[in-house]
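Just so you know, the protein sequences line up as chains Y and V, in that order.
Going by my numbering, the first sequence opens with residue 1, and the numbers climb by one from there.
Going by my numbering, the second sequence opens with residue 1, and the numbers climb by one from there.
Treat the hints with care, as some may be off.
Identical copies look the same in the list; a pair holds intra-copy or inter-copy alike.
[Unchecked claim] No farther apart than 16 Å at their CA atoms in a straight line, the calculated lysine to aspartate or glutamate pairs in the EDC-like style are these:
1) K38 <-> E403
2) K177 <-> D369
3) K413 <-> D135
For the record, the hints were derived by calculation from the structure and aren't laboratory data.
Since this is a predicted model, take the numbers as computed values, not measurements.
2 protein chains.
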Amino acid sequence: MYQTQMEAARKGIITKEMQAVAQKEYRTPEEIRTLVAKGQVVICANRLHQCVEPNGIGSMLRTKINVNLGVSRDCKDYDAEMQKVMSAVELGAEAIMDLSSHGNTQPFRRKLTAQCPAMIGTVPVYDSVIHYQRDLSELTAKDFIDVVRMHAEDGVDFVTLHCGITRKTIQQIRQHKRKMNLVSRGGSLVFAWMCMTGNENPFYEYFDEILEICRAYDVTISLGDACRPGCLADAGDVCQIEELVRLGELTKRAWAKDVQVMIEGPGHMALDRIAANMQIQQTVCMGAPFYVLGPLVTDIAPGYDHITAAIGGAVAAMHGASFLCYVTPAEHLALPNVEDVRQGIIAAKIAAHAADVAKHLPHAQDMDDAMAEARRTFDWEKQWQCAIDPQTAKSIRAERKPELEESCSMCGKFCAVRSMNKALAGEYIDIL
Amino acid sequence: MYQTQMEAARKGIITKEMQAVAQKEYRTPEEIRTLVAKGQVVICANRLHQCVEPNGIGSMLRTKINVNLGVSRDCKDYDAEMQKVMSAVELGAEAIMDLSSHGNTQPFRRKLTAQCPAMIGTVPVYDSVIHYQRDLSELTAKDFIDVVRMHAEDGVDFVTLHCGITRKTIQQIRQHKRKMNLVSRGGSLVFAWMCMTGNENPFYEYFDEILEICRAYDVTISLGDACRPGCLADAGDVCQIEELVRLGELTKRAWAKDVQVMIEGPGHMALDRIAANMQIQQTVCMGAPFYVLGPLVTDIAPGYDHITAAIGGAVAAMHGASFLCYVTPAEHLALPNVEDVRQGIIAAKIAAHAADVAKHLPHAQDMDDAMAEARRTFDWEKQWQCAIDPQTAKSIRAERKPELEESCSMCGKFCAVRSMNKALAGEYIDIL
Chain Y
1 MYQTQMEAAR KGIITKEMQA VAQKEYRTPE EIRTLVAKGQ VVICANRLHQ
51 CVEPNGIGSM LRTKINVNLG VSRDCKDYDA EMQKVMSAVE LGAEAIMDLS
101 SHGNTQPFRR KLTAQCPAMI GTVPVYDSVI HYQRDLSELT AKDFIDVVRM
151 HAEDGVDFVT LHCGITRKTI QQIRQHKRKM NLVSRGGSLV FAWMCMTGNE
201 NPFYEYFDEI LEICRAYDVT ISLGDACRPG CLADAGDVCQ IEELVRLGEL
251 TKRAWAKDVQ VMIEGPGHMA LDRIAANMQI QQTVCMGAPF YVLGPLVTDI
301 APGYDHITAA IGGAVAAMHG ASFLCYVTPA EHLALPNVED VRQGIIAAKI
351 AAHAADVAKH LPHAQDMDDA MAEARRTFDW EKQWQCAIDP QTAKSIRAER
401 KPELEESCSM CGKFCAVRSM NKALAGEYID IL
Chain V
1 MYQTQMEAAR KGIITKEMQA VAQKEYRTPE EIRTLVAKGQ VVICANRLHQ
51 CVEPNGIGSM LRTKINVNLG VSRDCKDYDA EMQKVMSAVE LGAEAIMDLS
101 SHGNTQPFRR KLTAQCPAMI GTVPVYDSVI HYQRDLSELT AKDFIDVVRM
151 HAEDGVDFVT LHCGITRKTI QQIRQHKRKM NLVSRGGSLV FAWMCMTGNE
201 NPFYEYFDEI LEICRAYDVT ISLGDACRPG CLADAGDVCQ IEELVRLGEL
251 TKRAWAKDVQ VMIEGPGHMA LDRIAANMQI QQTVCMGAPF YVLGPLVTDI
301 APGYDHITAA IGGAVAAMHG ASFLCYVTPA EHLALPNVED VRQGIIAAKI
351 AAHAADVAKH LPHAQDMDDA MAEARRTFDW EKQWQCAIDP QTAKSIRAER
401 KPELEESCSM CGKFCAVRSM NKALAGEYID IL
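For reference, chain Y alone in the conformation it holds in the complex:
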């Protein structure tokens, strides 16, 4: 009856996935159907990922977050990694990108699509090198496409493909003398492969074949931004924008075959440039959902890039980005550990939520309002219930006990809330 959510939407069919999304987002199923038909909302749900809990991604919906995990040389334990995945989902990640880069990656990928309710994404070009255990230059265009097909068959919901760079990009990067060249891992592999083989980008050249694969399984293409700026100085330059233009063209081609598309975005970018960047993406890519990595609003905070990304991500999402890739404190430095992952997720959730409130999404502020009530009434249990991370909040209070239940150890009897409650009740206020 239909191959993809987009095809269904265009045929006027409201799928069960659209219904689920509508309910979560306080919209009517018909509203969601219309947005999916226009490509302004994607529902990443491979037909083979049976246990997926459908989520919509689009600028008018709740901002979603992605967490990168995967088996690596340092962490080869499938079960341990799967536990990380499930706790990321519990902390609120709507998507998991499996960036496994070691050994046989297929069992873990299949485990994910068999058990994990989050959307699963991959970057097939990484896996190509691993899968064939051949060096990059020895891979053929067909090899790359075959890995895309394998991931689709394994039930992956979205794939990042760096389709937007071409041989012209090689000259452009050489001439433009960017400070950071390309910092996209997948993009650099495609670039390097083009340099070594002299061939055109296979993800660009064989885009129609890729569309056939994605259509068959309803895999959403996340059009990777190989030229995403890797430092403030490179942000918004012609390399980035020309690729964006090409991604817009490819979006049209995908939509013509009912294939769902997201566009990936920056990267590193000064705060004053983010709004304009989001606007341009929306016009050039006709409202296709924007998936940003950051943006990091400064380059000088290694160890704290979950914060630089939270600042940029909140502003980006307020101005139209709909999907935030988490960034951990270990970014630029090391493989994130369990605590880094946790910090990264929470920072991304804060950014996403701040943007949802700013966009006045239905019920976005409910929990904030409940928290305010709980604070005024010193209902600490309720405060923990409203908190993004109840455990951490609770333990900070517990380890530094206040003198009074109606205060915290920061202000003690000077607590403004306590003074005001007493003043408004006409009670005497003891401070000393």
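With chain Y fixed as given, assemble chain V onto it according to the hints.
For chain V alone, kept in the frame of chain Y given last:
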């Protein structure tokens, strides 16, 4: 010859403080003098604070940050607290507010103005209760004013005074049914005192007397916002805005006596309201520097309010705030410990720097550009030199050793920078 920096500026005198500020900010002394004369830049430098390193605060200058410290019931050790102060200064705090709330506060305050090069601020109303060791309701208007004088004589550079609320505010707060009433500690004390005594706000009633004191020592008045919103729901309401209007009136009266003024601002505020709020402050208060606490862009992240404040602070500073009060992860929960203070400072520095870059201040991006170069060339030593917190960055890398010097353990041989350097040099790229 002159009592205050503002008086000097208006008389056409360029003080040594203006010269120092000009040099730090890449401006001419004449530019700084003009801005000080107009009240758009304040240089908080009590005539008795001999060791102060002058800094200018204004929306066209580098964004400054304040750190709250002080002796409390839990921490009565002057030397230990002084060490915290000096390490805050080392981490980049331009101002320290001494919020001491225990015992005899004067020795520590005098120690600060004798030894600390940062601007020193206080909230005299807190100290009134402590100083007289009498309960709030037993203090007289004169008592409050005398404490302001004592702080001025002790060399304090700026004082937060909640001059903008009046008896009318009591009715307004009762009628308006805010979710969080007042959350300003000093503001709530003034409010409670008015309720208990039936008198008018002494900081409003005796404002002229306060101006005489501040003029004599060149103490900058930081006009406190008693009605700053304590939750998203209260942001921008009439209580906040009417107080702001009154603060604008008081600013004019202060300027008429050459007294320097800052205006304090929110608070909790959704991200989409911040720009408008900064604009309104600029017009209503005629460009007087805006000193914000946050703004926190959500209420539901206790344990992570350094992040919610960094998001709001960066956006506020980009839109006109010039001075950020740090917020720690312990906000709303407990007295911050040493690590909380550190996290709060770094988050505030990130926000301030992100805004400075966004405002295109001279040389603001230099360090970011140097970091980008260092990243491209794998010059790790240089990267640590460019980092806001070199120690943390270095230790994250060190504890998770990479396989290659030219990469980190996140990507290993998949490192995009490494691949690009090799590709552009025409070298073979080994990934496996």
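Hint check:
1. For a Cα distance limit of 16 Å, the shortest separation of K38 from E403 qualifies neither inside one copy, at 58 Å, nor across copies, at 46 Å.
2. Only between protomers do K177 and D369 lie at most 16 Å apart by alpha-carbon distance; the minimum there is 13 Å, versus 50 Å within a single protomer.
3. For the identical chains of this complex, K413 and D135 are inter-copy neighbours only, at 12 Å across copies versus 67 Å inside a copy, given an alpha-carbon limit of 16 Å.
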